[in-house]
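Visitor: The chain contents come next:
There are 2 protein chains.
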Amino acid sequence: MSLNLQIHSEHFTNPLYLDSGRILEPYDITYETYGTLNEDKSNVIVICHALTGSHHAAGMYEGDNKPGWWDALIGSGKAIDTDKYFVICSNVIGSCFGSTGPMSLRHPYHEPYRYKFPVVTIKDMVKAQRILFDRLDIHRVHAIVGGSMGGMQALQFALHYPNFSNKIIALATTHATQPWAIAFNKVAQEAILKDPDFKQGYYDPDIIKEQSLSGMAIGRMAGHISFLSHESMQRKFGREYKRDDGLYELFGKFQVESYLEYNGYNFTKWFDPLTYLYITKAINIFDLSRGYDSLQEAMQKIKAELHLISFSNDMLFKSYEMKELDNVLNEVGNTNHHYLEVESDYGHDAFLVEVEKFDTYIKEVLNG
Amino acid sequence: MSLNLQIHSEHFTNPLYLDSGRILEPYDITYETYGTLNEDKSNVIVICHALTGSHHAAGMYEGDNKPGWWDALIGSGKAIDTDKYFVICSNVIGSCFGSTGPMSLRHPYHEPYRYKFPVVTIKDMVKAQRILFDRLDIHRVHAIVGGSMGGMQALQFALHYPNFSNKIIALATTHATQPWAIAFNKVAQEAILKDPDFKQGYYDPDIIKEQSLSGMAIGRMAGHISFLSHESMQRKFGREYKRDDGLYELFGKFQVESYLEYNGYNFTKWFDPLTYLYITKAINIFDLSRGYDSLQEAMQKIKAELHLISFSNDMLFKSYEMKELDNVLNEVGNTNHHYLEVESDYGHDAFLVEVEKFDTYIKEVLNG
Numbered sequence: 001m002s003l004n005l006q007i008h009s010e011h012f013t014n015p016l017y018l019d020s021g022r023i024l025e026p027y028d029i030t031y032e033t034y035g036t037l038n039e040d041k042s043n044v045i046v047i048c049h050a051l052t053g054s055h056h057a058a059g060m061y062e063g064d065n066k067p068g069w070w071d072a073l074i075g076s077g078k079a080i081d082t083d084k085y086f087v088i089c090s091n092v093i094g095s096c097f098g099s100t101g102p103m104s105l106r107h108p109y110h111e112p113y114r115y116k117f118p119v120v121t122i123k124d125m126v127k128a129q130r131i132l133f134d135r136l137d138i139h140r141v142h143a144i145v146g147g148s149m150g151g152m153q154a155l156q157f158a159l160h161y162p163n164f165s166n167k168i169i170a171l172a173t174t175h176a177t178q179p180w181a182i183a184f185n186k187v188a189q190e191a192i193l194k195d196p197d198f199k200q201g202y203y204d205p206d207i208i209k210e211q212s213l214s215g216m217a218i219g220r221m222a223g224h225i226s227f228l229s230h231e232s233m234q235r236k237f238g239r240e241y242k243r244d245d246g247l248y249e250l251f252g253k254f255q256v257e258s259y260l261e262y263n264g265y266n267f268t269k270w271f272d273p274l275t276y277l278y279i280t281k282a283i284n285i286f287d288l289s290r291g292y293d294s295l296q297e298a299m300q301k302i303k304a305e306l307h308l309i310s311f312s313n314d315m316l317f318k319s320y321e322m323k324e325l326d327n328v329l330n331e332v333g334n335t336n337h338h339y340l341e342v343e344s345d346y347g348h349d350a351f352l353v354e355v356e357k358f359d360t361y362i363k364e365v366l367n368g
Numbered sequence: 001m002s003l004n005l006q007i008h009s010e011h012f013t014n015p016l017y018l019d020s021g022r023i024l025e026p027y028d029i030t031y032e033t034y035g036t037l038n039e040d041k042s043n044v045i046v047i048c049h050a051l052t053g054s055h056h057a058a059g060m061y062e063g064d065n066k067p068g069w070w071d072a073l074i075g076s077g078k079a080i081d082t083d084k085y086f087v088i089c090s091n092v093i094g095s096c097f098g099s100t101g102p103m104s105l106r107h108p109y110h111e112p113y114r115y116k117f118p119v120v121t122i123k124d125m126v127k128a129q130r131i132l133f134d135r136l137d138i139h140r141v142h143a144i145v146g147g148s149m150g151g152m153q154a155l156q157f158a159l160h161y162p163n164f165s166n167k168i169i170a171l172a173t174t175h176a177t178q179p180w181a182i183a184f185n186k187v188a189q190e191a192i193l194k195d196p197d198f199k200q201g202y203y204d205p206d207i208i209k210e211q212s213l214s215g216m217a218i219g220r221m222a223g224h225i226s227f228l229s230h231e232s233m234q235r236k237f238g239r240e241y242k243r244d245d246g247l248y249e250l251f252g253k254f255q256v257e258s259y260l261e262y263n264g265y266n267f268t269k270w271f272d273p274l275t276y277l278y279i280t281k282a283i284n285i286f287d288l289s290r291g292y293d294s295l296q297e298a299m300q301k302i303k304a305e306l307h308l309i310s311f312s313n314d315m316l317f318k319s320y321e322m323k324e325l326d327n328v329l330n331e332v333g334n335t336n337h338h339y340l341e342v343e344s345d346y347g348h349d350a351f352l353v354e355v356e357k358f359d360t361y362i363k364e365v366l367n368g
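Going down the list, the sequences are from chains A and Y. Residues 1 to 368 in my numbering are what the first sequence spells out, letter by letter. Residues 1 to 368 in my numbering are what the second sequence spells out, letter by letter.
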């Protein structure tokens, strides 16, 4: 059977009331669907994307040379089986792939929001998705699955809309962003802000894409360090030096340097710098316990079957952060949650690149 | 008794033949001494400094508000006891605190070297120190002690001048720089190079110090991440937010962000960016086994009593890197070496800030 990849966009004119007290109005949400919605709408699975991800989680468009970011997991006969499930992945509010974000035109002006865009939170992202599903007349789903910032959304869904999803699967994420992750984001934010071509937000997006914003490239390089692990870097690069470079040339490069440079500068071709500031801000201020007396109190609200999956060498969201959440759930007597630590030396990237280590688990959760 | 802190500078007119095949000529070495040289010159201890360190390892000058970088370890009655030992710490070749480096005037021109400065290696740094000691008529020392890049120098001394020092103590270092450390350096190098105020090396050092080179500040922020550990950041900052900042302000800051910003920008007041490029290059290309068929072959040259000290949560030079060296020494039948892993959650910084965890060990090694 085919993936039945479809792309859609919805326009909303009702105000979206944000955590910050600000209002987003109007706004758009771009999303993809895969598979077919069954008659009683009981086969919906929601996928949530990470920092630089998008609604394009699976399949390929004509002319593409690589598929969506979780294609290894989503498709006909795969763990998230589109022969069986109707899968929805939407671009989050604040992002730059079709949903309303800081470079969208601000109504009623014909200028981008830029710094006038409100800070959005993970909760706001989730709320906007919930409104989208309402419009699609979907009021309960089978499962919500996400990794990294997508995992934060999955957990936030579980907390904020306890009856909305039967199952929640959160991977490579945390219950509250820790200083280590905030520090990496800080390097990127500072590098973007201090790049003169960023023009304090008044850059021309087309020129930026063409010329490469070195600040964002540098920030992304730092990001890539946090996505890997000592072990994966060791295996991937070791101390390999570029063949044509001399060891004693000041600008001669190790392979790891070449990798960072390539990925850093390539990133500026497909991601928006102002969006990077806003999404990293949303990640930094994410804390499931906000608004509650404690994480314990918050966790008492959870009703869905909850699956926490961490990766042993994740340097960005350490395995113990998910374990802490598992402990708190135990403490408050939650008997419907599971914690799995996947052995992997890929680091944070494992949730994207080592799908074969956890896809059977996800399949069983979804079908069980 | 007093520390007897003295500062000196020596000028050398003989060529220094570098690993790269290039020549440095003439050159200066600035160094400090503490304590008093005994009659038979048998009480010399050499201290080697790290990336951004200097010859100023202990004591204070008038008007200073903080002492040298290893003051907790070096002084009257301390582990490296200046009542007993004559301690020498020199600024490495390539650095910016008085010894010849890339911003020194290039003979016979009255212009800084800038990119004309040759790439120097850890071995070159060590060689220059050996020449300095020759001039001081010191041909054998009691011990060489260094952490991080200082530890690389200590190991290089042991390998290259096997009869020069009785004891070698290398802390928080590696036998060959790993891709993880190179990656952090890459972020800093790229940030410096892409800063328009760096002017491709043609900056005015005074203006740079005054105005702060944001590129180097950003690079230093990344560096600080690598100096810390998850645990120390957790304890030091947690998720503390700056009191006067609003959580939903785009530029509101967590304490960890404030810390990185302060240390990053402050760094630009006292360190030179071109020097940063050269010293990180020296660190990146450091590999004890270069010029040998294997690390095993290299380690067979070692004659000194060798002490390897690593720190359990060091993220920059992982504990197992020193353990690897220890294993190789065992393999080749070296019976005069010791490996100690210090439990610490301070990360790489531990060799500077948790001296009380290893000073007794160092004292015993020196006096034993």
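Errors might be hidden in some of the hints.
Put simply, identical chains are the same to the list, so a pair is met inside one copy or across any two.
[Said to hold, decoys possible] Result set (DSS-like, lysine-lysine): computed pairs, CA atoms no more than 25 Å apart in a straight line:
#  : residue 1 : residue 2
1  : K253      : K84
2  : K66       : K357
3  : K209      : K199
4  : K363      : K269
5  : K236      : K303
6  : K242      : K116
7  : K236      : K323
8  : K116      : K253
9  : K66       : K363
10 : K199      : K253
These are computed hints drawn from the structure, not numbers from a lab. All of these numbers come straight from a predicted model, not from anything done at the bench.
Visitor: With reference to the structure, classify each hint as holding or not holding.
Guide: Here is what the structure says about each hint:
1. K253 / K84: neither (49 Å within a copy, 45 Å between copies)
2. K66 / K357: within (21 Å within a copy, 52 Å between copies)
3. K209 / K199: Both, since 14 Å and 24 Å are each at most 25 Å.
4. K363 / K269: neither (35 Å within a copy, 56 Å between copies)
5. K236 / K303: Result: close neither inside a copy nor across copies, 42 Å intra and 35 Å inter.
6. K242 / K116: Between copies only: 22 Å across chains, 45 Å inside a chain, cut-off 25 Å.
7. K236 / K323: between (29 Å within a copy, 21 Å between copies)
8. K116 / K253: between (41 Å within a copy, 18 Å between copies)
9. K66 / K363: Within. Shortest intra-copy distance 24 Å satisfies the 25 Å Cα cut-off; inter-copy 60 Å does not.
10. K199 / K253: between (30 Å within a copy, 21 Å between copies)
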